[in-house]
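**Q** Sequence:
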Amino acid sequence: MNRRQRTTTAALALLAAVGLTACDATLTVGDGAAGPRDTVTREIEPVSAVRLGTAGIMHVEVGDTPSLTITASERVLEEITAVVHGDTLEIELPGAWINPGPIEYELVLPALSSITVAGSADVDGDLAPDGEDVTVAVTGSGTVELGGATADAVTVSISGSGDVRLDDVAARSVDVEIRGSGTASLEGTTDELAVRIPGSGDVAGADLVARDATVEIRGSGTVTVHATGTLDARISGSGDVRYLGDPEVTSDVRGSGDVGPA
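In the numbering used here, the protein residues as written are 595 to 856.
Hints in this document: simulated from the structure, not taken from any laboratory.
For clarity, every value in this text was computed on a predicted model and none was experimentally measured.
Note that CB positions come from ideal geometry on N, CA and C, so glycine has one too.
It is possible that part of the hints are untrue.
Unchecked claim - Just the calculated beta-carbon pair ranges, DEER-fashion: (1) E637 to D840: 22 to 32 Å; (2) D724 to T783: 13 to 23 Å; (3) T822 to D724: 25 to 35 Å; (4) G629 to V843: 29 to 39 Å; (5) E698 to D846: 39 to 49 Å; (6) G680 to D746: 42 to 52 Å; (7) D724 to D801: 23 to 33 Å; (8) V656 to V843: 37 to 47 Å.
Throw the hints in and build the complete structure from the sequences for me.
**A** So this is what it looks like as structure tokens:
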């Protein structure tokens with residue numbers, strides 16, 4: 595198969611995954627660690643949630659016309675699937691890959707309220723909840739850095755060693771749970787902050803101003819919060835809670851943990 599044939603095959607594979615035709619394909623061919631690299635840009639259905647199950651880097655932008663651009667080696671493009679289920683865009687790379695080489699995604703959506711990283715990918719950009727609650731989940735070793743988390747409720751879940759950073763949070767409630775060794779960093783304002791760490795994760799919340807905060811650590815995590823009203827801290831391991839904002843503090847420490855000002 596010559597180079598032009600391989601390029602067409604890669605484009606058709608992705609286009610079939612997103613349910614579009616080949617006549618609109620835009621391709622750029624260059625060099626890559628895993629062979630020749632292609633870039634395929636396609637319009638997609640408008641969705642409000644994304645699940646990314648591959649390695650790579652994803653840049654998220656807010657725009658009126660939904661589109662997905664993928665840059666990767668031709669071999670990887672032949673296998674990547676990007677399928678819409680309900681209101682969720684699911685991106686996967688089936689099979690066992692020792693080294694797929696660099697993969698880069700450019701995602702444009704008018705509204706985005708939920709993103710899940712199930713692999714080792716890194717995601718950055720902005721959310722656009724459009725009135726929906728915000729959910730950010732990392733189940734692997736990926737990193738998520740997003741702004742624009744304006745919603746009634748914001749939920750952050752880390753069950754691996756990944757990290758989440760949310761800027762410009764403006765929410766009635768923020769709920770953070772870390773079951774692994776990841777770190778959640780938060781900036782903005784909320785009425786209610788709830789943190790649960792059954793693992794060894796950390797929460798850097800000094801820049802998230804909350805009226806009331808509750809923290810429960812059942813492992814060895816470290817949590818910093820900024821509460822102006824009340825703080826209810828419960829530790830049953832060796833975790834530590836540090837606080838700013840001069841809240842009224844209620845604490846229950848059973849172990850070698852500590853609750854005190856930052």
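**Q** What are the numbers of the hints that this structure violates, sorted from low to high?
**A** Result: hints 1, 4, 6 break, sorted rising.
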